[in-house]
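Put chain B on the given structure of chain A with help from the hints.
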Amino acid sequence: MLSLNRKTRGEAIFDLLNNLGMLLICFVTLYPIWYVVVNSLNEGMDGMRGGIYWWPRVFSFENYTAVFRNPGIMLAMGVTVAKTLLGTVLHVFFTAMVAYAFSRRELIGGKIYIFIGTVTLFFGGGLIPTYLLMRDLHLLDNFLVYIIPVMFSFFDLIIFMTFFREIPDGLEEAAEMDGAHDWSIFVRIIIPVSLPVIATISLFHGVYQWNDYFTGVIYMNNMDLQPIQTYLYRVVAQSSSNQMVAQIPGGVGKTVTSQSIKLATMVVTTMPIVFVYPFLQRYFVKGMMIGSIKG
Amino acid sequence: MELEHSAEPAALSRMGNMRPKTPRRHGLRKLYRQRHIQIMALLGIAWIILFNYVPMYGIIIAFKDYRIIKSIAEASWVGFEHFKAFFEDDNFANVMKNTLGISLIKLIVGFPLPIIFALFLNEIRSLRYKKAIQTISYLPHFLSWVVLGGILTTWLADVGIINDILLALNLIQEPISYLAEPDYFWGIIITSDIWKELGWSAIIYLAAISSVPPDLYEAATIDGAGRFQKMWYVTLPSIKATISILFILAVSGVLNSNFDQILVLRNALNESASNVIDIYVYQTGMLSGRFSYSTAVGLFKSVIALILLLIANSVTKKLNNTSLF
Chain A
1 MLSLNRKTRG EAIFDLLNNL GMLLICFVTL YPIWYVVVNS LNEGMDGMRG
51 GIYWWPRVFS FENYTAVFRN PGIMLAMGVT VAKTLLGTVL HVFFTAMVAY
101 AFSRRELIGG KIYIFIGTVT LFFGGGLIPT YLLMRDLHLL DNFLVYIIPV
151 MFSFFDLIIF MTFFREIPDG LEEAAEMDGA HDWSIFVRII IPVSLPVIAT
201 ISLFHGVYQW NDYFTGVIYM NNMDLQPIQT YLYRVVAQSS SNQMVAQIPG
251 GVGKTVTSQS IKLATMVVTT MPIVFVYPFL QRYFVKGMMI GSIKG
Chain B
1 MELEHSAEPA ALSRMGNMRP KTPRRHGLRK LYRQRHIQIM ALLGIAWIIL
51 FNYVPMYGII IAFKDYRIIK SIAEASWVGF EHFKAFFEDD NFANVMKNTL
101 GISLIKLIVG FPLPIIFALF LNEIRSLRYK KAIQTISYLP HFLSWVVLGG
151 ILTTWLADVG IINDILLALN LIQEPISYLA EPDYFWGIII TSDIWKELGW
201 SAIIYLAAIS SVPPDLYEAA TIDGAGRFQK MWYVTLPSIK ATISILFILA
251 VSGVLNSNFD QILVLRNALN ESASNVIDIY VYQTGMLSGR FSYSTAVGLF
301 KSVIALILLL IANSVTKKLN NTSLF
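In the order they appear, the protein sequences are chains A and B. Residues in the first sequence are numbered from 1 upward in steps of one, following our numbering. Residues in the second sequence are numbered from 1 upward in steps of one, following our numbering.
Next up, chain A with everything else stripped away, as it sits in the complex (with noise of 0.2 angstroms):
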């Protein structure tokens, strides 16, 4: 490391600019998100006068206790909850094992059965087929529409294959040679050594599940079934020429208005996510690569 020694003054133009650019990109990145949620730590009314900029004017939490209140909010967070964790871990393991069985290079047919997944990384129904297929299912207003339709994935497939195939040979034969069959070595060997992909694909799809709202918009009339980012929908695209057209949930304070409302809705539906992620970071930096370069 020749350079590291030898700063020229170039060099620390360079690096004093670099830094730079990165503080303000950081800022950029920071800021609108900064931005909401101290407007919905200020109270509602005086809210509507703008210029919260740094800091709550009026200190609040009657948004967030107007949210946490609010039964519609509440129930819409649980229906995500339940959508998440169940769909999570379906579309894991189900990938998961249909992987394994992809990744036996003895498996008879595995080259057809790849090919019939492959076709569909380029090819699709498209909107209305697939809505034609729900209906027919009888998916339509049922809670199980977030989970089968994207029960399996064959993108996350060639993911998980990937990693199967770097799974040392005798790790199976050795369990052969006791007596397990497949079924047992997917789920005690395999499943315990793939934890990373396991990771990776957990975190895309629960990312996946928690912001879906089109499924619940195109799929769900019974409100009740509605996940949070549907119900969010519904407020912010009413809003989105008109800022006041979204009602205001009953029973809360008179400070508090529907844009205050919508604001601290959207921390809370944002929060677990973004203390999730930093910790998963190093899991998805590896999914990616293995996704784009084997992908």
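Derived by calculation from the structure, the hints in this document are not laboratory data. Among the clues, some could well be false.
Mimicking SDA-like on lysine to any residue, the simulated pairs with C-alpha atoms at most 20 angstroms apart in a straight line are [as the list claims (entries may be wrong)]:
| # | chain 1 | residue 1 | chain 2 | residue 2 |
| --- | --- | --- | --- | --- |
| 1 | B | 131 | A | 275 |
| 2 | B | 70 | B | 245 |
| 3 | B | 30 | A | 176 |
Just chain B now, kept in the frame of chain A:
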């Protein structure tokens, strides 16, 4: 896409190890021995056929006059009627203009930015600082488009920060309702998309950069190369293959405007700038119930996308010998 597995010998030797006394097993017996993994595989194939192939079959309604009361098979054939209707529709030119306009600007501006960001981030010397910047840069990727839509409506509101700044600088005399004006829509879409995905898109490039052999840099340093020269002559050529592959994917996705994003931000007032193919498919299909017509528009899009993918793939193959397949 390296999906082929041509490792029959490995599989055979593995089987051989298991049962050395039965060298000749015929197919059925082999199939029986692997019945468990066959069941696992076939469960997956069944799912793929039901949820991917059945909708693909459903595409034939694009060539039929499908009514919701009858079944797909009963509907009468109309050939390319719906495609013709789309090309002759008043919305056609506008939909294509919005789709291609937004996507091409995204491609020209949005594609190089993560590469540039990755190149400069790579030059940060402190490892901890670099990691911290990276972690922060991923954050917006994890926000949903609905939440980002909420952030944007807040920022762009009459009492929002953008109007506040422009009013304070005397650049405007009264607040502008940005989302109600078609003129601002493309800018809002493209800027917010870059803001959301810049750091995330850079992951792949950073990973590629980290595998560049360090002696290349040392050699360049001895040759007297400066930082910019090293970025240009060492780092960039080393990640050319990665760039090519992502470029192929970006080009083939040119008709794929970000549906989730646009659906949140569009409204009746900005419709002339926000009506892209995906939105048009949703509107005509789900909201107006023109199932066959909407499916035809969607099919038109998929076919063009596939053609673009093949073209982009063969062009990059010729230019620098990297391709997706």
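Evaluated hints:
| no. | hint | in the structure |
| --- | --- | --- |
| 1 | 131/B x 275/A | holds (17 angstroms) |
| 2 | 70/B x 245/B | violated (44 angstroms) |
| 3 | 30/B x 176/A | holds (15 angstroms) |
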